[in-house]
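J.: For reference, the chains in residue letters:
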Amino acid sequence: MSASLPRRRSGLRRGFYRFRQSVLSMAGLAVVMVLLLVAVCGPWIAPYPQDLSGAVHTAIRFQPPGPAHWFGTNELGQDVFSLVLAGTRISLLSGIAVVAIGSAVGVLIGAVAGFFGGLIDDGLMRLVDLVLTIPSLILAMAVAAALGPGIVNMIAAIALSWWPGYARLVRAEVMAKKNEAFVVASTAAGAGVVRLLWRHILPNVLSPVIVKMSLDVGFAVLTVASLGFIGIGVRPPAAEWGTLLAVARGNIPDYWWTAIFPGLAIFLAVFAFNLLGDGLRDLLDPKARR
Amino acid sequence: MLVFIVRRVLLLIPVMVGLTLLVFAITRLLPGDPARLAAGPNASPEQIQQIAREFGLDRSLPAQYWAYATGLLRGDWGMSIYSRRPVLQDLEAYLPATLELVLAAMGLAVALGIPLGLLAAAQRNRWPDMLTSVVSLGAISMPRFFLGLLFQLCFAMALGWLPLGGRFPLGEDLPARVSGLLTIDALLAGDLHAFGVALQYLTLPAVAMSLSPLATIVRMMRASTIEVLHQDYVTTERALGLSRRLILLKYVLKNAVSATLTVIGLYFGWLLGGTVLVETVFDWPGIGLYATSAVLTQDFMPIVGVTLCIGTLFVVGNLLIDIAIAQLNPRARLR
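Going line by line, the protein sequences match chains B and C. Residue numbers for the first sequence follow our numbering, so the first one is -2 and each next one is one higher. Residue numbers for the second sequence follow our numbering, so the first one is 7 and each next one is one higher.
The set of hints was computed from the structure by calculation and includes no laboratory data. A couple of the hints might just be wrong.
To be clear about the criterion: a stretch of chain B counts as covered by chain C if any three or more of its residues have a C-beta under 8 Å from a C-beta of chain C, and this derived list gives those stretches [unchecked claim]:
#: 1; segment: 60 to 73
#: 2; segment: 137 to 143
#: 3; segment: 271 to 278
C-beta atoms are modelled at their ideal positions from N, C-alpha and C, and glycine is treated no differently.
Required output: the full structure, derived from the provided sequences and hints.
T.: See the structure below:
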C-alpha cells in the first residue's frame, strides 16, 4: 500500500502536467470558470438589470448590436446581452442540478445492485434497461408534460432519464471491487454494509463517476435548452437560453441577433464542458486514453 | 443465423411489455390527475369524469394496466384533443415523414463518418486527425435546433438555395403514396421532378440532424480502428508485405465497423430524440412536430403516443443493428 502511494501521486502529477499542456483542456477549463463566474454574478453585472424583471421599452425594439446594446435588443426592447448573461445562471444551475441528482440516484442504485447481486441486482438492472428504451429527450418531454411547467419539474424530468448510465457504471465498478483484499479484510474486521460501501468501495470507484459527470454537464445544459426550445420547462420572462432562442425564431432573418447570441451561448457552454470533460478523462482515467 | 434472428425477435416481447409499463407509469403514477391531463386544459368536469371512467381510474393498477395494454393492441392509443382524431391515426399520417428524415440523416452520417474515421485513424496525430477531433467535438456540442436556424439563415434566407421549411410545396401534386417516403415514392412513380423537389426540402433538415451522429461515428470509428491496428494479425499482414491500403480496407475496416455499429445503435436514440427539435425548426410534418405542437396545446395523449412510438422505433432499430453486426461478425451470433 505504502509502496504504491508515491507512484500514484507521480502519475497524477504527470496527468496534471498533460492537462496543463493540452491547450484545448485548458481553454475548456478557462471558459467554464468564466461561465461559472457569470452564473454567480450575472444579474448584478448585467448592464440593464430592469430588463430581467420584464421591463418593456417599445421605443427601442430590435436595435441592432451597437455600443449601447452589445447584442442588440429584442422584440420588447430588452437588452439581449443582459438576458444572455442572466440565462447563464439558469442554464448552468439546471444542468448541474440534473447531473447531481442523476448521479446521486444512479450511484446509489448501482452500488446496491453491484454489492448485493442476485435478485436485487436483476430487478434494478431490468429497471435500468427499461428506462433506456426511450431516448432521454423524449422521456424528459413526456415526464415534463405530465408534471406541468416550471424549472423544478423540468430538472426532475431530465434527472429521471439521466441516472441509468451512472447505475450501470457504478454497478460494474462495485462488482469488480467488492472481492478485493481490502474489502474482505474490513468485512472480517466487522464493518457493516453501509461502512463498507461508503468508506471503502465508493471512494475507489469515484474517478470514472467524476469523469462521466464532467462530460454530462454539457449535455445536461443542452437538454435543458432543448426542452426550453420545445416550450416545456422555463417560461418567459425568465431568461433561459433555449426559451430565448424559441422566441427569437420568429424574428429571423431581419433581427438575427436575437437568435444568434443565445444560440452561441449554448454552444459555447456545451463545448467548454466537453473539452474540460475530455481533459479530465485523460487525467483521471488513463485506461480510456488512446 | 436464422435461429439468431428468431431468438432476437422473440426477445422483443418482454422489452415491449417493459416499454408499455414505463409509459403507463408516466401517465398514471406521476403526480397530476391523468384524466385531467388527457381531457385537456379546457375540459368540463363531466368530460374529465368520462375519461376517468374510460381509464378505469377507480380500479386496481394491474387491472388498469391490463386495460391499457389490450387497448394499445386493439389500436386504442387515446384521442388527440387538438386534432380530434385518434392518436394512432395521426401517428400513421406523420410517421413516414419522420422515418424519411431519420433514414436520410443516418445514411449521411454512416456514409461520411466511417471513411472519415478511418482516415483520421490512418493519419493518427497528424493534422487531418487533429482537425477531425476538434471539429467533431464541436459538432457534438452544437445544439441541433440552433444549427437548423443557422442553416435557414444562411442557405434559405440569405442565399436562397434551398427551401426554408416544410416537406413539399403546397399546390403541387404529391407522388402516389406507396411507402409514404416522398423521395422513394417519387422514384417509384418515375417522377424525377418531384424527386428533385422532395430532395431539396429534405436536404437542410437531414444535414442538420446528421451532424452530431456523424461526429460521434467519426470519433468511434477512429478509436476502434486504432485498436484494431494494434492487433497481432495486422502486424502479421504487414510482415507478409501486404500494402497498407489493402490491410486497412480489407481486414481492418470490417472489424472496426462492427464495433462502431454497436455505438450507432445507441446513438440511434439520440437521433430519434433529435427529430423533435429538427422537425420543429423546419416545420417538417413528422411525429416530432406533432409532439411539440401537442406540448404547446397541452394535448397529453399525443405526447404519450409519440413517446411509445419512438421507444418502439428505438428498440426495433437496435434489433436491426444487432442483426447487421451478426451478419458482419459471426462471433456475435453466439452471444
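J.: Indicate, hint by hint, whether the structure satisfies it.
T.: For each hint, the structure was consulted:
no. : hint       : in the structure
1   : 60 to 73   : violated (count 0)
2   : 137 to 143 : holds (count 5)
3   : 271 to 278 : holds (count 3)
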